[in-house]
Structure formats: structure tokens, C-alpha cells
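Colleague: Now for the letters of each chain:
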Amino acid sequence: MSDKKVTSNPTELSIEEKKILEKFVDDNQLFYGPDPQIVRNHKLMPRTEEETRALEAGIDAQRINLVRGRLESALEEGFNMVEKMGVAPGAKWGDLVTAVFTSSGDMAQIAPSGIGVFASVCQYPIKFINKYWTNESTVGIKDGDGFIHNDSRYGGVHNTDQSMIVPVFYSGKLICWIATIIHEGENGSIEPGGLPSIAESPFDEGLKMSPFRCAENFELKRDLVNFLQNSVRDPKLQYADMKVKLHASLRLRERILAVVEEFGEEALIGSLRKTLEDTETEVRRRIKELPDGTVRINTWLDHSLREPLLAKVPMAVTIDDDRMVFDFRGACPELANRSINTHISAFKTCLATNMILYVWPDLPVNQAIFSPIEMRTNRNSLVDPSNDSPNAMSLLPLFRAMSIPASLFAKLYFCLPKRYTALSASHYNQPATFIYGGITQHGEVTGNFCADINGNGTGAREDNDGENAMSPLFGAVADTGEQELAEEELPYVRLVGQQLAKDRIGFGKYRGGLGYEQMVTVRSSSFWGFMTGQCGSKHPSVYGVFGGYGCPAYPLAKVKGINIFEEIKENPNALKLDIVEMMNAQEIPEADYVVQEAAMSFEPCAEGEIYMICQGAGGGYGDVLERDPFQVLKDVEENILSTALAEEIYKVIIDPETLILDETASISARCEEREKRKVRGRPYKEFCKDWVQPGPPEDLPYMGSWGDAGEEIIASPPGESRYVMKGDEMAGVMLSNPKDRRIRDLENEIRQLRNKN
Amino acid sequence: MIINITEYLGINLETERWICRRCGHDLGDARGNYKEGLLVYDRDPTEIHKPLIDNQKYEYTFSPDPNWTALLEYYCPNCGVMMETEYTVPGHPPTRDIELDIDSLKIKAAQWARDNGGDIPSPESLHRPRFKRKVHTHG
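Heads up: the sequence lines are chains A and B, in that order.
For the record, in the first sequence the residue sitting at position 507 is 507 according to our numbering, with numbers rising by one throughout.
Numbers in our numbering are just positions in the second sequence, counted from 1, shifted up by 757.
Hints may be right or wrong, so weigh each one.
Ranges between beta-carbon positions, derived for each pair [claimed, not checked]:
(1) 606/A to 808/B: 27 to 35 Å
(2) 420/A to 804/B: 32 to 40 Å
(3) 694/A to 813/B: 32 to 40 Å
(4) 325/A to 808/B: 35 to 43 Å
(5) 751/A to 850/B: 35 to 43 Å
(6) 808/B to 721/A: 29 to 37 Å
(7) 43/A to 808/B: 43 to 51 Å
(8) 804/B to 72/A: 48 to 56 Å
(9) 65/A to 808/B: 54 to 62 Å
(10) 720/A to 850/B: 44 to 52 Å
(11) 740/A to 804/B: 46 to 54 Å
(12) 782/B to 634/A: 26 to 34 Å
(13) 748/A to 813/B: 38 to 46 Å
Bear in mind the hints are in silico, worked out from the structure with no lab data behind them.
A quick note: this is a predicted structure, and the numbers were derived from the prediction, not measured.
For every residue, glycine included, the Cβ atom is placed at its ideal position computed from N, Cα and C.
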């Protein structure tokens, strides 16, 4: 019987007609956009026939161990090659990774020093290449190919990270993939440096490379490289790092083929798959040992990088037997023309990064850490936006994903009879560094960012203080580079070198690690400018845990209208060596001293003008009154805490002249403070009755749910009327231009003044 | 059996009550919100994160903006230990941050005790040892 029979409904297609239509559509696809079936799926791919065969044949555990060890060495070798030869500033500080993926695209192993999140997100473009380019007659995948990509809508943190993706063939068959990824910086975006805060659409964000082949027969295709060089401000960087990544990948390829020659194809394929499956099994076991229930936190970003606003990022974790569910419903709506949205694939991999670094650091780093975990989000929210919104500064919500879960897991893990690592408060979670652009002292155009992004203070732990200025929250071993080397290439000058920010502390029984001050200017450039992507000037970015306090609010300070190099010739005192003293003393009469919110769009900096921000502190752990007074004294002796705050916060009395601790007076002061707490505190229900409001104050630009439930989402675009959306029917919010609002306000003022006259 | 849930909170599994780990004070039904058994204080956040830059000269001073940030401090009503802090937005309903399945916890806790010879190790016993750095000496 044929399928061609005429159906009762003439518009209804028969099965055969449907097949013809599907084939036609498949053969004539208009555009290969980001595929939601790929980028929304964080589960492991099904076993391939080769993987099944390899695992069913059984691989000796010792053999697997040898293969993994060889891969680890090879990946670290590739990492070192890129770190030593890479031109991007980020490459020099370790903001890169080399990784190996299964033939299906699952990320199975990374270089021990590498940035895990870069590798995790790269599973998506590989799966795209597998799905769309393998059988595409004009593309295909061959030995010797190299693919590049940077568009985070296809999988990626943000489009300043560029990948080099290389298939590995053995005996004519694809056996695995390798990838090398660097935070390159400059990408041709509307502001220099690749992290534009003023991007209003993806088309303001510079290069948006869907995965495409840029190398054939083990060589870069120079015509394509030239096109990419022509699209960015730093063509030297673009070419050099493509070469570096390709050749590191090719070395890695050689090492992998040597493993196959020595141990056999099945040993490699089986080892990669077994690493993933064993990790997933172990994660499920660890979930199952946690107490069942829900822990949650509500957090807020306080800036869009264009204007202050309160963007809610709630987070709940529910454990139900061997299921773990992350729930972000109630988050701020997608900001349709602001660059701080993050795509869901990147958000998930940043959550995985937090689990890897702060919850289960003993597990092998691969994507199976997160594959058993479920996610709940509202579509068209800040953490799950449409593809039409910009996301170049996705770091704001992503850094939250990489820091906050640790403090939630502290509430789940505290009761357990064992630890995989010490429980901790959150690592500082803002990209607190200067992004720059302009013309160097060598006459070259450039744009990139400073290494100071990598010096976050860590959160306090259950048994110790956090570490000062330790590492970026996304990688434990990235460092802050050599300023002298940077100054050889670039005209920005660091006036103060990583001085810890005194009194800016996440206080607690154990305190968070401190951040440091950054004070920069420019010299010998015909044009230079700075911008930042930091928020948290009105509402602290990091909170404490178990009674500890969060970090302070961090502004940006600047001294304009001067040339500090000229000033200090006449008056060496004009340059104070810390921000607080500099801004309070106002030593230079003609200077314009400004303190503003930390977020700043690109603005020109004349020679000798000074810009200052702080790297931030991690959250505190426990009640301040339980901090060992001698630890308080140590902080004072190390000049990171004043005696005034020692007394006010910790109730520890220290003579400011002699630095002698008065133990008796401190005990009395602490007893007195505990009694005062009992007097000033009010019973919870009574307190809530008076304090809790049905919604945020009308004049507050508030975005997100109100309370723990996420059904209703409040949108208060600055300068416009507030409205409410249902969480599961949410639409992105388009914000007006802050300069238009300013013009409108000023015009109103002028009108009122004219009317008065 | 007492299960330690946070640095300052425990649950008595027999009575199903929240208790203060510092003084043993009863804080309410463990199936409910422990915060209901505590005292709350709406702390001005600028008292903790003080303005380091002159607030007569500048709007931004390293202090949070009290119109954008509320800091709730939760105290044990008996001993006054600060059990929790909550950074939030003024008027926002306090978060119910811990909601545990007590029936399941009883089963898991019994297993943890069995696995550890009858007693669940205290969180403090799980702290990492402090290494004392050896000082290089001659002779």
C-alpha cells in the first residue's frame, strides 16, 4: 500500500510528503543559527558504537590510568605552549585552556592549570560542527582542519574568547576533538577591549563567529585570517594567537595519536567515555548523600553597566534523593539592549565551575560534573535570554553563578560527617579591572584588559580566613601577570601595585580575603582611554555566610584635569599611595576629584590623569564576636584593619599607639554587645509585620520577583512606569538611553527655571 | 540526636526542634522556618561598611546605599550569637533559606551515625589541621 493515498484533508501531508518536505528543508536550510537542541542540552551524548564496543570489551583500570595521565601531560604541555607564546594579555596570566572532547563533543579532560569553564562551553560548538558541517558538502570535516568560533550564542562565555577546535582522526576515523581557548580581548566591538558595556545589540559586540573552518591541511587559511584581522583593532594579536592555538592543538594531536599507537584506539575512546560516565555516577552518589530539602538565597546586581538598577538573581537548590535542581525562576527579565545578559549554556557551565572549584574540587574536571543536575529558569530572563539580546558583559550574572552556590552548599554540607573541601562564603564576584583601548607608545592600536581581574579575595572558610587577592573565581591557578612586561607594550602605568584595600573586609569569625587597590594612568600615548565592568557600588556584590558580613560597596574614583607626572615634580605629596587618602586629602587644588559608581563606559584618559578601583573582598564566615582577638590584632598589625574598626566591628580593644590588645576590655565589650543585640533585636514575626512591604519602593528601578516565589516579575525600567509580568510569559525589557533621560531631566529643569522667570 | 545544620543551628531529631548550637536554646519547629525563633535587627549597612571616603564630598564612599541595601542581622534570643546575616532590598520579604525534609534527614542521620561508629563527627572535628611551618635552622 502506498503512502501516496489522498487524505481526507487536502492540506494534510501524507507520511511520504512529510519526508520529502523534511528533506527539502534539511537540504535547503536558510541559516544555521544557534541550535536550541544543542545549546540547551547539558546532558552527556549517548554512547557511540565505538564507545560501547570499547567499554563492553572492558578496559583495564591501570590502562585507563595511564591513558589519562598521558592526556593530562599532553594537555598541560599544550597549555604551557599557549601561555608562553600567546600574545593576548589573558594568555600570559593563564586565562586559557586546552581540552579533549569525545568524538560526540562531550568535554572529557582539561589541562590541570586550565580554565574549566572555557572548555565546558566549547562542547556546544563542537556538537554544532558535528551536526551541521559533517555532511555539508561545502564544508565537511577532515584531518588537518581547524575550526574557530567565538559567538556565545553557539556556546561560549562571551565573544572575547576565541576557540581553535581540531578534529583528531585515526585510520580515517574521527576519534576525538581537541580545543584551545583563550580570552583574547579585542574583538572589534563598539568599545575597545572586547567587553563593551554600551552594546545595545549583538551587532555592537564585534566579531560574532559561528563555528567555521579556518585551517586546512594543518595550516591557517590566510584569506580568512586576514578578514578577521581586518575586523578587530589588534590584527597582530588576532593572527599570532590563531597560530599559537593551532600549533598547540597540533602538538596535542600528535600526543593523542601517540597514545593511540601505544595503547590502542579503544583505550583512548573507552577512557574518555569512562571518565565521563564515572564522574556522572559519582556526582549522583554525592547528591544522594546530601540532606533532602531546599536551600535558597536572593541576590541582586545593582547596575546594568549603563545605569544603576536592581537586577535580581535568585538561586535555590533542591535535593530530592539523587536529583539536584537549580532554580533561578524570579530572576530579572532579559535586558534587551544591555550587554549583561548571559546565555543559558554559559550560565550552566559557570555553575559547574563553582561545583568544581568550591564544592567537589577532588573530582576530575569534565562536563559530567553538571550533567546529572536539572535547571529551572524563566525564558527571556537575564540568565536565559533570547538570542537577540547582547551579552558581551555576561560576566556579571556568570560570576554570580561561579560564586554564590558555594555559600548555599555550605548549608547542605555542614551536617555531613565528611568534607570534600572546607565550606566557604563566596569568592568576590565582580570583573574588577580596567579595560583599555587606544594607541600604544609604539604607535599600535590596541584594546584589552588588565591582569588585575585575577586577584579576587576568596571567601572565608569554616576553619580559616579567606586568602587575600588570591585568584579569579573562575580558575584557581591563573595569576595577575608581570606589570613590567605589560608596561613595555602598553602606555598605562600602575601607580600603586596591588596594595590591599585596608578596612574593606567581609568581616566574620573568619574574614574573607581582601582585594587590592588599582590606581592607573597613561603616559606616552596620543590617545588612550579606560572603562570598567564592575558593579556593586550601592548594593554589595558578595554576602557572608552563617552570620558573616559581605564585602563593602566599591566605587570608582578619578582625578581629572591634571598630569600627575608634572605635579609630583613640584609636589611629591600630590600622589597619595592609597585611594582613601588621595580622595580625602584633595592635595591638588586645580584637580577635579570624582567618585562615581564603579561601572564606567569607555572614556578618554589624558596623560597623568588617575583612575582608581578596588579588587574586592570575599564574604565573611560566622559571628564577628567569635573572631579570635589575636587574629584581629594580626590584621591590625598587617595594616589591613584599623583599630577603630577592630573596636566597632569586632569589639576588640587595641591601643592605636602601642598596638597592645586589651583582652579584659574586649571580653567585656563583647558581652555587652551580645546583651545589646538581645535588646535591639525584635521577634521575627513582629519584625516582618512592620518591615516587609508588598513591593519595592516606587522610585527604585527594580527588576525581578519580590519574595521567594518567582511567579510575578516586576519591571521598573529607569524613567518609566513599573509593570508586572508572569514569570513564564516574560518578555525582555528595552531600556531607554541614559543620556536621553539625562537630557529630558535637564530640559525639564530649564523649562521650570524659565517658567519661574 | 542533634544534627548540626549551620555554624549556629542544630536540629534535635527526637523533638524535631531547631536549637541554638551555642546555648541549646529552643528555636521552634524544625519543619518550619528557623528565623521565626530568632530576633531580627535592621542594621544600617553603613554602620558595618563605613564610609571611608568623606561622605560630605562624595556620594559613593565604599558604603552601601541604604535605599538599595538592607542588612538584617539574626540573633539567638538567649545568648545573642549572630546566627545569620541577610543582605536584601528594603522591605523585601526575608528569604526562607533552609527548608529540610526532616523525615528523610532522620533516616540519613541514622545511617551517618552507623557509618561512624554511633556518633556523627562534629563539624569542628572535620576542620583541616593547621600546618606549622618548619623553620630552617642550622646546626
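Colleague: Checking against the hints above, which ones are violated?
Modeller: 10, 11 and 13
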